[in-house]
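Construct the entire structure; sequences and hints are all you get.
Chain by chain, the residues run as shown.
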Amino acid sequence: MNAYRFGFGSTAFEARGSGALYWPQERALILSDLHLGKAERRARRYGQVLPPYGDHDVLARLEQELQDTDAKTVISLGDGFDDDEAAKNLSPEIGKDLSRLMGARDWIWITGNHDPSAPPFGGRCLSELALSGITLRHMAKPGAVGEISGHYHPKARLALGGAHISRPCFLIDRQRVILPAFGTYTGGLDCRQTPLADLMEPAALAVLTGQSPRALPMPRAKRLRQA
Amino acid sequence: MHSLSPALADWFARKGWALHPHQAEMLARAQAPAQLLIAPTGGGKTLAGFLPSLCDLERRPRPGLHTLYVSPLKALAADIKRNLTTPVEEAGLDIRIEDRTGDTSYTQKRRQRADPPHILLTTPESLALLLSYEDAPKIFAGLQRVVVDEIHALSESKRGDQLMLALARLSQLCPGLRRVGLSATVEDPEAMARFLARHPDPCAITLADPGPAPDIAMLPCAAPAPWSGGGGRYAIPEVIAQIKAHKTTLIFHNTRAQAEIFFHALWLENSESLPIAIHHGSLAREQRVKVEQAMVAGALRAIVCTGSLDLGIDWGDVDLVIQIGAPKNVKRLVQRIGRANHRYNAPSKALLVPANQFEIIECHAALEAVRAQDLDGDARGAGPLDVLCQHILITACAGPFEADALFAEITSAGGYETLSRADFDACLEFCASGGYALRAYDRWQRLRQDASGRWQLRDPRAARQIRMNLGTIQDSDTLKVRLKHSRGGKPLGEVEEAFAATLTPGDTFLMGGQVVRYEGLREMTVEVSRQTGKRPRIATFMGTKFATSTQLSARILRLFHATDWPDLPGPTADWLKLQLARSHLPQADRLLFESFAHNGRAYSCLYAFAGRNAMQTLGLLLTQRMEDLGLGPLGFVATDYAVLIWSVDPVEDPAPLLEPGHLRAGFETWLAGNAVMKRTFKASATIAGLIERQSPGKRKSGRQTSFSADILYDTLRKYDPDHLLLGITRQEALRGLVDFGRIEEMLARTRGAVDHVVLPQISPFAAPLLLEVGRVPVVGEGQERLLAAEAEQLLSRLITQNNPK
Numbered sequence: 449m450n451a452y453r454f455g456f457g458s459t460a461f462e463a464r465g466s467g468a469l470y471w472p473q474e475r476a477l478i479l480s481d482l483h484l485g486k487a488e489r490r491a492r493r494y495g496q497v498l499p500p501y502g503d504h505d506v507l508a509r510l511e512q513e514l515q516d517t518d519a520k521t522v523i524s525l526g527d528g529f530d531d532d533e534a535a536k537n538l539s540p541e542i543g544k545d546l547s548r549l550m551g552a553r554d555w556i557w558i559t560g561n562h563d564p565s566a567p568p569f570g571g572r573c574l575s576e577l578a579l580s581g582i583t584l585r586h587m588a589k590p591g592a593v594g595e596i597s598g599h600y601h602p603k604a605r606l607a608l609g610g611a612h613i614s615r616p617c618f619l620i621d622r623q624r625v626i627l628p629a630f631g632t633y634t635g636g637l638d639c640r641q642t643p644l645a646d647l648m649e650p651a652a653l654a655v656l657t658g659q660s661p662r663a664l665p666m667p668r669a670k671r672l673r674q675a
Numbered sequence: 012m013h014s015l016s017p018a019l020a021d022w023f024a025r026k027g028w029a030l031h032p033h034q035a036e037m038l039a040r041a042q043a044p045a046q047l048l049i050a051p052t053g054g055g056k057t058l059a060g061f062l063p064s065l066c067d068l069e070r071r072p073r074p075g076l077h078t079l080y081v082s083p084l085k086a087l088a089a090d091i092k093r094n095l096t097t098p099v100e101e102a103g104l105d106i107r108i109e110d111r112t113g114d115t116s117y118t119q120k121r122r123q124r125a126d127p128p129h130i131l132l133t134t135p136e137s138l139a140l141l142l143s144y145e146d147a148p149k150i151f152a153g154l155q156r157v158v159v160d161e162i163h164a165l166s167e168s169k170r171g172d173q174l175m176l177a178l179a180r181l182s183q184l185c186p187g188l189r190r191v192g193l194s195a196t197v198e199d200p201e202a203m204a205r206f207l208a209r210h211p212d213p214c215a216i217t218l219a220d221p222g223p224a225p226d227i228a229m230l231p232c233a234a235p236a237p238w239s240g241g242g243g244r245y246a247i248p249e250v251i252a253q254i255k256a257h258k259t260t261l262i263f264h265n266t267r268a269q270a271e272i273f274f275h276a277l278w279l280e281n282s283e284s285l286p287i288a289i290h291h292g293s294l295a296r297e298q299r300v301k302v303e304q305a306m307v308a309g310a311l312r313a314i315v316c317t318g319s320l321d322l323g324i325d326w327g328d329v330d331l332v333i334q335i336g337a338p339k340n341v342k343r344l345v346q347r348i349g350r351a352n353h354r355y356n357a358p359s360k361a362l363l364v365p366a367n368q369f370e371i372i373e374c375h376a377a378l379e380a381v382r383a384q385d386l387d388g389d390a391r392g393a394g395p396l397d398v399l400c401q402h403i404l405i406t407a408c409a410g411p412f413e414a415d416a417l418f419a420e421i422t423s424a425g426g427y428e429t430l431s432r433a434d435f436d437a438c439l440e441f442c443a444s445g446g447y448a449l450r451a452y453d454r455w456q457r458l459r460q461d462a463s464g465r466w467q468l469r470d471p472r473a474a475r476q477i478r479m480n481l482g483t484i485q486d487s488d489t490l491k492v493r494l495k496h497s498r499g500g501k502p503l504g505e506v507e508e509a510f511a512a513t514l515t516p517g518d519t520f521l522m523g524g525q526v527v528r529y530e531g532l533r534e535m536t537v538e539v540s541r542q543t544g545k546r547p548r549i550a551t552f553m554g555t556k557f558a559t560s561t562q563l564s565a566r567i568l569r570l571f572h573a574t575d576w577p578d579l580p581g582p583t584a585d586w587l588k589l590q591l592a593r594s595h596l597p598q599a600d601r602l603l604f605e606s607f608a609h610n611g612r613a614y615s616c617l618y619a620f621a622g623r624n625a626m627q628t629l630g631l632l633l634t635q636r637m638e639d640l641g642l643g644p645l646g647f648v649a650t651d652y653a654v655l656i657w658s659v660d661p662v663e664d665p666a667p668l669l670e671p672g673h674l675r676a677g678f679e680t681w682l683a684g685n686a687v688m689k690r691t692f693k694a695s696a697t698i699a700g701l702i703e704r705q706s707p708g709k710r711k712s713g714r715q716t717s718f719s720a721d722i723l724y725d726t727l728r729k730y731d732p733d734h735l736l737l738g739i740t741r742q743e744a745l746r747g748l749v750d751f752g753r754i755e756e757m758l759a760r761t762r763g764a765v766d767h768v769v770l771p772q773i774s775p776f777a778a779p780l781l782l783e784v785g786r787v788p789v790v791g792e793g794q795e796r797l798l799a800a801e802a803e804q805l806l807s808r809l810i811t812q813n814n815p816k
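As they're listed, the protein sequences go chains A and S. The opening residue of the first sequence carries number 449 in my numbering; numbering runs sequentially from there. The opening residue of the second sequence carries number 12 in my numbering; numbering runs sequentially from there.
Since the hints were derived computationally from the structure, they do not count as laboratory data. Don't take every hint at face value.
Stated by the list, open to error - Distance condition first, Cα-Cα at most 20 Å in a straight line; then the derived SDA-like pairs of lysine to any residue:
1. K729/S with L507/A
2. K729/S with G658/A
3. K536/A with R454/S
4. K729/S with Q512/A
5. K729/S with E649/A
6. K729/S with A651/A
7. K729/S with P665/A
Being a predicted model, the structure only gives us computed values, none of them experimental.
So this is what it looks like as structure tokens:
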């Protein structure tokens with residue numbers, strides 16, 4: 449199966465190759481940083497006319513995840529929309545698709561720095577959510593215990609047999625999980641950089657997304673040897 | 012008007028000079044709408060280009076811009092200013108000459124727009140920028156002539172296409188504008204003339220006396236050349252002897268890394284402390300300027316350099332050019348040789364140092380070609396559409412335009428004469444709304460039509476962004492290298508970001524001829540300390556990897572018709588004979604495919620002589636086919652003439668692998684997802700204005716908000732496979748990094764004839780390939796397996812650390 453299972457808090461989770469996190473006990477699919485409407489915002493704000501297929505791609509991958517997991521609850525961990533206006537300006541086709549996916553599911557929009565207001569698509573809108581002893585929020589809080597967040601779009605870079613690979617990744621330690629971005633038009637922050645490097649415990653794992661998600665010790669910046 | 016004006020004639024007479032025949036010819040044709048001068052370096056080429064302007068300005072002095080000069084180098088513009096000022100001042104002419112490049116100050120630029128000089132010296136990018144201003148018609152009012160220097164160099168890249176589009180604009184603003192092109196020796200002067208002239212104007216060609224034939228040979232060395240690799244370090248003693256025997260020697264290398272390594276080795280052997288220096292494009296500008304000044308002052312005996320000194324200023328007293336490594340391209344070799352001895356009547360002197368045994372053969376073929384004056388070169392294709400898109404945006408910055416008028420103007424530019432209206436409309440649509448199959452951005456179009464149908468920027472503020480992205484030169488992502496604790500000190504140079512990422516503190520590499528130790532990355536700067544007496548790790552920062560030209564490859568293949576090679580050094584001839592006895596020698600009309608086992612792996616070696624980039628692409632395509640067939644390819648290495656592949660299982664029958672249909676299908680489908688195609692896409696998408704050029708400052712703050720061009724490429728391929736930019740990417744892939752056009756050329760000449768030779772051991776020709784650097788691991792299932800193994804190993808180590816016994 450295309451997922452890496454791990455225990456967190458008192459229950460089991462699956463870090464999926466797509467970048468989504470599945471919580472079997474709650475039948476909840478958790479996603480972060482969809483950034484819907486990013487192309488529209490770029491055009492509106494900067495006159496850049498990106499291929500207008502980013503939202504289609506996000507929803508197509510999301511639908512696949514919903515099919516595969518049969519989740520009853522969906523939690524978007526913030527930055528679901530590239531800004532509040534982008535949420536209003538989504539193309540009618542994308543809006544219809546999103547509503548169809550939301551259907552009868554319990555859908556929770558946690559607000560992020562890009563989308564501080566409730567989107568016009570129904571579902572619940574919260575600034576954070578506590579569920580079975582775990583807190584779900586957009587941006588990790590230093591010192592938090594039992595927290596699942598997004599925001600940073602973590603990526604891991606590895607040298608493999610002479611070639612470099614760089615992939616979005618989950619970061620996992622005993623106290624927190626940070627999700628990669630699920631959005632199509634998103635970049636990433638190398639997990640060697642601050643604040644990711646400081647947020648995570650020394651024994652943290654990075655789970656690389658892709659065909660078969662793999663756990664590795666979280667890559668760390670090499671310390672300067674003392675001369 | 013057809014002879015020298017009085018004051019200039021007087022100046023020539025006082026100097027005791029007479030006009031060179033080509034200068035007189037250029038002057039006599041001053042009224043031609045376009046003319047091209049082909050002349051070797053020296054010989055008053057630049058003056059020939061300017062004489063008609065100087066004479067006209069002497070006879071009819073008047074304010075305003077008269078002549079525009081465009082050169083590929085900022086340094087050249089500054090140098091020409093000095094050189095031209097001398098005759099102007101000495102002849103007492105009241106002519107103002109100024110340069111305008113990326114280095115010109117803001118106030119100077121503003122003043123130039125309000126009060127232009129008579130002669131403005133600039134670069135294609137600065138010209139394009141001037142044309143993007145609303146007051147362009149005012150700036151260029153009255154312009155009579157434009158001189159394009161080193162047009163042969165400009166025409167080899169998209170900078171030339173951008174320039175021709177700019178000239179089309181200028182001709183529109185200034186009817187009657189006359190064009191002059193100055194070029195080094197090229198293989199097809201008529202094609203260059205057509206490129207320069209406004210279509211369909213005629214273009215007169217003046218061929219200057221090329222001077223005496225160059226004195227060129229291979230440098231005899233005591234030590235034999237090695238079997239593989241580059242750099243030519245074995246020749247250091249002989250090179251030092253040559254430096255001592257000449258005034259100033261230019262030592263050309265094909266890559267920056269090789270130039271660094273050679274310079275380091277040369278310095279270690281330089282027991283007499285001859286003043287020698289290094290010059291290449293990765294060095295900090297300050298460093299390069301220092302070397303150039305020392306060179307002009309005659310203070311240097313030798314300069315180790317790369318293509319960075321191919322063009323430009325008359326470097327004083329260079330009397331010897333040494334080319335280390337195979338020249339790859341006969342035309343460039345001839346142009347480099349021309350760097351020696353700028354005195355018109357003396358032969359240029361050059362020595363070739365092949366870096367390995369195969370390069371001895373290539374140098375031999377190149378010498379034959381130079382003697383036969385058989386220059387190589389690929390015909391220029393049609394003007395690229397990404398550059399056209401940028402030109403449309405630049406035009407929109409200057410003000411509203413009509414599509415019909417712009418189309419007419421563009422089809423008068425060299426390279427764009429055959430542009431179809433459909434292609435033009437597609438580019439315009441791309442500039443306006445992105446040109447996607449799915450309608451979007453109706454509210455946010457970049458360009459839109461006004462009531463009278465003219466196109467203009469929706470938001471005039473977009474002009475700033477368009478101007479910042481202007482140009483066609485692709486900078487690779489590089490990081491500055493500085494000494495640690497040198498607070499704001501001068502950078503030593505630059506390295507590629509990918510190279511920096513491989514460094515671990517304590518690693519050493521060469522930069523500007525010195526060994527430095529990597530200390531760490533601080534913001535976007537690589538911090539290093541000086542390190543003495545340590546063997547450096549190879550500096551793999553970028554250097555252009557030229558591919559051996561089609562014509563030179565053909566010459567090498569012709570050499571293989573023989574069975575004896577009395578003209579080649581003994582060891583090289585013996586090597587060829589051994590290859591002939593054990594296997595075959597490659598032939599132009601057949602493909603040689605060798606199979607053998609070595610160290611427990613199955614090896615396949617294909618000699619296709621298609622040039623390094625195409626051979627690399629062939630390696631990617633063949634290993635992908637082998638993966639599909641379950642042969643377990645593990646990696647390959649490509650050179651200009653061969654690709655060597657290693658795999659778990661041997662190839663039993665190469666014919667299906669090499670079937671043209673399969674190769675083309677692979678290019679269209681599988682290769683399209685490969686990193687080289689993504690790089691090609693990124694370059695075109697940047698030029699066309701879809702994505703912004705990444706400036707280092709931006710990258711620093713950009714972080715997770717900026718995403719890679721690869722994502723856009725994948726998205727377009729998935730949802731809009733017929734999009735304009737994907738078409739441009741496929742077109743670009745026929746040349747450049749992917750160079751599929753050379754694979755087509757190889758398929759056409761071999762027409763399916765494959766000789767499969769199964770050998771009990773490695774063949775003489777394949778042996779050196781085992782030592783080649785630049786091995787490419789095969790990614791795919793292999794990467795997943797490696798990743799799994801790596802993960803397991805790292806995790807088990809972690810577990811051991813956490814549970815000590």
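For each hint, the structure was consulted:
1. K729/S with L507/A: Holds, at about 14 Å.
2. K729/S with G658/A: holds (18 Å)
3. K536/A with R454/S: holds (14 Å)
4. K729/S with Q512/A: Since the Cα atoms of K729/S and Q512/A sit roughly 16 Å apart, the hinted pair holds (cutoff 20 Å).
5. K729/S with E649/A: Judged against 20 Å, a Cα distance of about 39 Å means the pair is violated.
6. K729/S with A651/A: violated (39 Å)
7. K729/S with P665/A: Given that 20 Å is the threshold and the Cα spacing comes to 34 Å, the pair is violated.
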